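Next come the chains, spelled out residue by residue.
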Amino acid sequence: MNRLIIWYGELLTQKKLIKRGALFLGPGMLWLLIFLVLPGLILVLVSFAGRGAYGEMVWEYSFDNYKRLMGYGIFGWTPDYLVILLRSVWVALVTTGLSVVLSYPLCFFIARKPERTRYVWLMMVIIPFWTNMVIRTYSWFLILAPELPFAKLAAYFKIISPGMALYPSAFAVYLGMVSMFLPFVALPLFSSIERLDWTLVEAAQDLYSSNLRIFMHAILPQTLPGLSVGIILSFVPAMGMFVVPDLLGGAKYMLVGNLIQQQFGTSRDWAFGAAISMGLMILTMFSLYLYRRKNKGMELL
Amino acid sequence: MRKLNLAVNTMALGTMAFLYLPLIAVAFFSVNNTKYGLAWKGFTLNWYLQLFQNEVILQAAWNTLILAVVSTSISTVLGTALAIGMDRFPWPKKMNTVFDLVLHLPVIIPDIILAAALVVAFGFLRGISSFFEPGLFSMIVGHITFQVAFVALVVRSRLVSIGKDVEEAARDLYATTPYLLWNVTLPLLMPGIVAGAMLAFTLSLDDFVISFFTAGPDSVTLPLYIFAAVRRVVTPQIHALSTLVLLATILLVGVMERFTRKKNTP
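These protein sequence lines map, in sequence, to chains F and H.
First residue of the first sequence: 0, per numbering that gives the first Met the number 0; consecutive thereafter.
First residue of the second sequence: 0, per numbering that gives the first Met the number 0; consecutive thereafter.
Incorrect hints may appear among the rest.
Far from chain F, some chain H residues (derived; all Cβ distances over 10 angstroms) [what the hints assert, rightly or not]:
{"hint": "1", "residue": "Asn-8"}
{"hint": "2", "residue": "Ala-115"}
{"hint": "3", "residue": "Leu-187"}
Facing chain F, according to a computed beta carbon distance under 10 angstroms, are these residues of chain H, among others [said to hold, decoys possible]:
{"hint": "4", "residue": "Thr-14"}
{"hint": "5", "residue": "Leu-117"}
{"hint": "6", "residue": "Val-159"}
{"hint": "7", "residue": "Ile-161"}
{"hint": "8", "residue": "Phe-212"}
{"hint": "9", "residue": "Phe-226"}
Calculated cross-link-like contacts (lysine-lysine; reagent style DSS-like; alpha-carbon spacing at most 30 angstroms) [to be verified]:
{"hint": "10", "chain 1": "F", "residue 1": "Lys-14", "chain 2": "H", "residue 2": "Lys-163"}
{"hint": "11", "chain 1": "H", "residue 1": "Lys-2", "chain 2": "F", "residue 2": "Lys-112"}
{"hint": "12", "chain 1": "F", "residue 1": "Lys-14", "chain 2": "H", "residue 2": "Lys-2"}
{"hint": "13", "chain 1": "F", "residue 1": "Lys-18", "chain 2": "H", "residue 2": "Lys-92"}
{"hint": "14", "chain 1": "F", "residue 1": "Lys-18", "chain 2": "H", "residue 2": "Lys-163"}
To be clear, the hints were calculated from the coordinates, so they are not data collected in a lab.
Computed from a prediction, not measured in an experiment: that's the story for all the values here.
For every residue, glycine included, the Cβ atom is placed at its ideal position computed from N, Cα and C.
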């Protein structure tokens, strides 16, 4: 430890250097340890605790919360919680998928604009990205209101009864989710598409390749880095989303985020809330792992 | 090929409409002269004027600003020091991996889990100090926790891109550590620090989940106020407030973009 070293033009002992490094790194790391790592560990512990009669925590360790999440209750087995968990994965998948499908044309469109107007168009995608999610979600109330043509059209085709709004419904949740997460996919994707080597696409065209093959072999591999970041950026938060299903889905289309929020809010069952959070965490980690394994050798984040 | 072009353009414009139609609707109905319904009854700025007489909304705006300014200042200092500490010192490889993992945690875990963990942790800390009652203090702590990571990541990428040559040259010329830091490293880092701070500020304004879980009755911020209001009834006043928040966002994004673009292109 007391070895003398030359570190970027300075001669000093290793001990001194490490001490100085710790001085820089210490406060920030300590903060993250106290308010991120430690609370995370406490959350794991709490997920094994119980709930008292008044919503206080009881320190009796058991797997009861996890059993309850799996559907085993006092009245036998019900799939309610499992349905909500699986639905969250499904909604996140559909949201991400639709966002990817819509993002490609959007990015091509922007990338082909002349440099002057390109950044204006790009800004148009960045602004929703940064707009508060509560505002972006409730703004759909207006579009889906009974007075407007969309709801009237749906009423005409007898999908909803006349005079009703299109929300709360599963449809409204998907609408809100896709509009929420589309910029999360489009922005990283754009950075890849902007650097796309179009000569490869031209070569494929010269060789009479079909449009589908051009996309699969000349465009997709080149845009994978941006696409991957986009998929992760939308899939992970989409699974834990609770504002959109709360406002646009109501009790009709609950997701795991609502379930967690309920435990920390009205139900006051922190231990169960912690267990659901762990469930969400495991789902998140598992899907990241699956995704990584399928796309080996890809650099994420 | 022309057919394909047309399809791409139509889809792209459709997507843009899909992103903006709801927001435009909010702005449109914020100047509509009727309290109920969506029929157009003429232009008015009444709803905006009423906002400035509403004590609750003014207080919420103030809370939002205080929260963003305080948490951004603290997290910028912590995050910058953290980035320098991680990048400029010879840590063993294993330690570096651990640091990296901790730094990426707030980025990859869903924010609702961070919020749940904070609620539980604050619940315990309340036994030690009343500071951790739900309220502005807890919210500031929560916001700093995710901001630090983002600031550190942005500043670190700048540290990597400026390289160590200039600092080494300064050392060769007998610069002391404080002198080096103050006159060489920090000025070179400034664009990264400002970009990180702006990111942190925007993240704080944009956050809903962490605030929702850690807020107390006296620390309502604008997003929380809007959420509570629209769950009851949507009023033109809320449209006006949302439009103002939207305009502030556009302004902030414009400044942020201009700044980062200028510095990135040599």
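Status of the hints after comparison with the structure:
no.	hint	verdict
1	Asn-8	violated, 6 angstroms
2	Ala-115	violated, 5 angstroms
3	Leu-187	holds, 14 angstroms
4	Thr-14	holds, 5 angstroms
5	Leu-117	holds, 6 angstroms
6	Val-159	violated, 14 angstroms
7	Ile-161	violated, 13 angstroms
8	Phe-212	holds, 6 angstroms
9	Phe-226	holds, 5 angstroms
10	F:Lys-14 <-> H:Lys-163	holds, 21 angstroms
11	H:Lys-2 <-> F:Lys-112	holds, 18 angstroms
12	F:Lys-14 <-> H:Lys-2	violated, 68 angstroms
13	F:Lys-18 <-> H:Lys-92	holds, 17 angstroms
14	F:Lys-18 <-> H:Lys-163	holds, 20 angstroms
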